[in-house]
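Trainee: If you want the building blocks of each chain, they are given just below.
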Amino acid sequence: MHHEGLGAVRWLLLFFVTVAVMLICLALGSVSIPLADTVRILLKALGFRAGGEISSSYETILLTVRLPRVLCCALSGASLSISGCTMQGLLRNQLADGSTLGVSSGAALGAVLAIALGFTLPGFPFAGTLVAAMLFSVLSLVLILTLTWRLDRSLSTDTLILMGIVFSMFVSALLSLVITLFPKKLTSITFWTMGSLAGSNYQNALVLAVMLAVLGGIMLTHARELNAFAISEENAGHIGVNVRRSRVLLMAAASLLVGACVSVGGSIGFVGLVTPHIMRLIVGPDHKKLLPASLFAGAIFLMLTDLISRTIASPRELPIGVVTSLIGAVVFVMTFYKTRNRRGA
Amino acid sequence: MDKKIEARFKPVIPLLKASRITVRYGSFYNNDTRKNAGRNEGKTAVSGVSFDLLPGQWLMVVGPNGAGKSTLLNSLTGTVKAEKESSIRLMGQDITTMKKTQIARLMGMLDQQHDIGYDFYVRDIVALGRYAYRKGMFSGLSEEDRQAIDDALAKTGLTDLEDRRVTTLSGGERQRVFLAQLFAQDPSILLLDEPANHLDLIYQKQIFSLIQEWLDRPGRAVISVVHDLSLARKYGTHALLLDKGSPKAQGPIDHVLTRQNLKDVYNIDVYAWMQELLKTWEE
Numbered sequence: 001m002h003h004e005g006l007g008a009v010r011w012l013l014l015f016f017v018t019v020a021v022m023l024i025c026l027a028l029g030s031v032s033i034p035l036a037d038t039v040r041i042l043l044k045a046l047g048f049r050a051g052g053e054i055s056s057s058y059e060t061i062l063l064t065v066r067l068p069r070v071l072c073c074a075l076s077g078a079s080l081s082i083s084g085c086t087m088q089g090l091l092r093n094q095l096a097d098g099s100t101l102g103v104s105s106g107a108a109l110g111a112v113l114a115i116a117l118g119f120t121l122p123g124f125p126f127a128g129t130l131v132a133a134m135l136f137s138v139l140s141l142v143l144i145l146t147l148t149w150r151l152d153r154s155l156s157t158d159t160l161i162l163m164g165i166v167f168s169m170f171v172s173a174l175l176s177l178v179i180t181l182f183p184k185k186l187t188s189i190t191f192w193t194m195g196s197l198a199g200s201n202y203q204n205a206l207v208l209a210v211m212l213a214v215l216g217g218i219m220l221t222h223a224r225e226l227n228a229f230a231i232s233e234e235n236a237g238h239i240g241v242n243v244r245r246s247r248v249l250l251m252a253a254a255s256l257l258v259g260a261c262v263s264v265g266g267s268i269g270f271v272g273l274v275t276p277h278i279m280r281l282i283v284g285p286d287h288k289k290l291l292p293a294s295l296f297a298g299a300i301f302l303m304l305t306d307l308i309s310r311t312i313a314s315p316r317e318l319p320i321g322v323v324t325s326l327i328g329a330v331v332f333v334m335t336f337y338k339t340r341n342r343r344g345a
Numbered sequence: 346m347d348k349k350i351e352a353r354f355k356p357v358i359p360l361l362k363a364s365r366i367t368v369r370y371g372s373f374y375n376n377d378t379r380k381n382a383g384r385n386e387g388k389t390a391v392s393g394v395s396f397d398l399l400p401g402q403w404l405m406v407v408g409p410n411g412a413g414k415s416t417l418l419n420s421l422t423g424t425v426k427a428e429k430e431s432s433i434r435l436m437g438q439d440i441t442t443m444k445k446t447q448i449a450r451l452m453g454m455l456d457q458q459h460d461i462g463y464d465f466y467v468r469d470i471v472a473l474g475r476y477a478y479r480k481g482m483f484s485g486l487s488e489e490d491r492q493a494i495d496d497a498l499a500k501t502g503l504t505d506l507e508d509r510r511v512t513t514l515s516g517g518e519r520q521r522v523f524l525a526q527l528f529a530q531d532p533s534i535l536l537l538d539e540p541a542n543h544l545d546l547i548y549q550k551q552i553f554s555l556i557q558e559w560l561d562r563p564g565r566a567v568i569s570v571v572h573d574l575s576l577a578r579k580y581g582t583h584a585l586l587l588d589k590g591s592p593k594a595q596g597p598i599d600h601v602l603t604r605q606n607l608k609d610v611y612n613i614d615v616y617a618w619m620q621e622l623l624k625t626w627e628e
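Residue numbers (my numbering), protein chains in the order written: chain A, 1 to 345; chain B, 346 to 628.
None of these hints come from the bench; they were simulated from the model.
Beta carbons are placed, not taken as given, at the ideal position from N, Cα and C, and that holds for glycine.
One or more of the hints may lead you astray.
Now the in silico label distances, taken between C-beta atoms and shown as ranges [said to hold, decoys possible]:
1. B:D397 to A:W149: 52 to 62 angstroms
2. A:M334 to B:P597: 19 to 29 angstroms
3. A:L174 to B:G393: 27 to 37 angstroms
4. A:I308 to B:D545: 37 to 47 angstroms
5. B:L486 to A:A213: 25 to 35 angstroms
6. B:T442 to A:A116: 44 to 54 angstroms
7. B:T442 to A:F119: 40 to 50 angstroms
8. B:N542 to A:F119: 34 to 44 angstroms
9. A:V142 to B:Q492: 27 to 37 angstroms
10. B:T441 to A:P125: 28 to 38 angstroms
11. A:A45 to B:T441: 34 to 44 angstroms
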């Protein structure tokens, strides 16, 4: 009855669903490519011999536009989701997420400042924004937690979220200010506050993949510690968890990963809130199951949201963050009501 | 010398040796992160407490509100940092040089109440008691771990509840879940902070009997903070009476919980008051 971890069947199931969704997202769009052709083009690109005629325009659309975009969606979704899941476990707070804590806004400000001030590294075009976004996301989290801690040492849900929202608003104002001051250098404010993965390339995908492998790996190997934190921090100390070390490590990993995502696609809100919440209802709060489940579910969620955002009002494209926020805000309110009611009971 | 006699005179190494424990709130050493900790800033909560805990002992830490009982216990686990002059030795080893998992294998703690963040299964919580024994980052539970978890569940009468969500349990059951976690952790020393304070009498008796049973095995000892002096007398072998953070008396329970000592610390004739309470039951 009790399984440690997710179990092979569930892993495989999640993996196949993710691959299936990826294929669908690659096939559908302003120009729809038949699924069989999609698979053939991919196989050919991977070096396999694929029979039959393949339209070269399909190949161009798929390989230069759609594939990097879908890959970035999957990787960002997985990263934001696993980071959100980690923050929720660590802070024992179901509403914690890069966007609700203000970490995403902080990262966006970092990226914008890097562009405005021309901070780049030679040979690696977006290293400047990447480094700045990651740095600012960690700083934001440290600042928010310190401010909250000084007010309320138990870091209660309400205080933390309130502080996160106030911080987000403050940073958004700074963001607008910087963008207004440097209108020529910067993409629209919507990109940074709502997020978009429309222009992603393979380099972006590679960066996200490396970050997810390293930082996500840290989170996955600390599932037991996260369980202990999720039960209670004091109890974690009693059973032998090195509370301070684990907390710093996991906080840093989660915020750095959010920062990397923001540097690629702007701050796409609520992804880290929605998918862990739904997965917790399905697999329960055990992080040995919840972390991998959230990882896959986040990838699936963001790929589908991206599909909706580029097809629903076609030929116009909605910013992806609009769609995630519309869904996320509803889930946020539902979760907030539920936790409130439980406490009241 | 005859081996038997030699063994009898061999000095017993204390399971825990505490020397000059002093805790000052708001000092450099203190990093108490619990709620309301800031309220006590600058106050000396515990001052100069020393004791040896030997196998078989159940040490009751008693004293009025604010005497520093819980703070003393928290300083032993490291939740609250003691001042520099304090020293704690576990099985002869300086606790500051030990790894957290190493400490957890020797000493475990049961809190007064548990505000659980998420809806975990009973078995998941008990299984976390084996955290200190894990071999590597990826290794799962060993056969030994599973055995310890099953035993702990059986001993606390939770076997039938192992697949229940912890939020569906009563306060008494929930406290037993954490006691089971502690049993699965299998330390030599149990630290208990008012383990049955908010529980109905039946659960109170249950918890204390389970701990008493646990203590019957050789090489084990218990330190607990209790408010109820009758409970302290019934279960304790030794006592440490604290008055405003300083030890007023310590030693075998009969020598510590005397009428005069209690009167000095509690400012009330405890014995007479208990007599009066009992009288209300007589018909």
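Trainee: Among the hints numbered above, which are violated by the structure, and what are their numbers in rising order?
Mentor: 1, 2, 3, 4, 8, 9, 10 and 11
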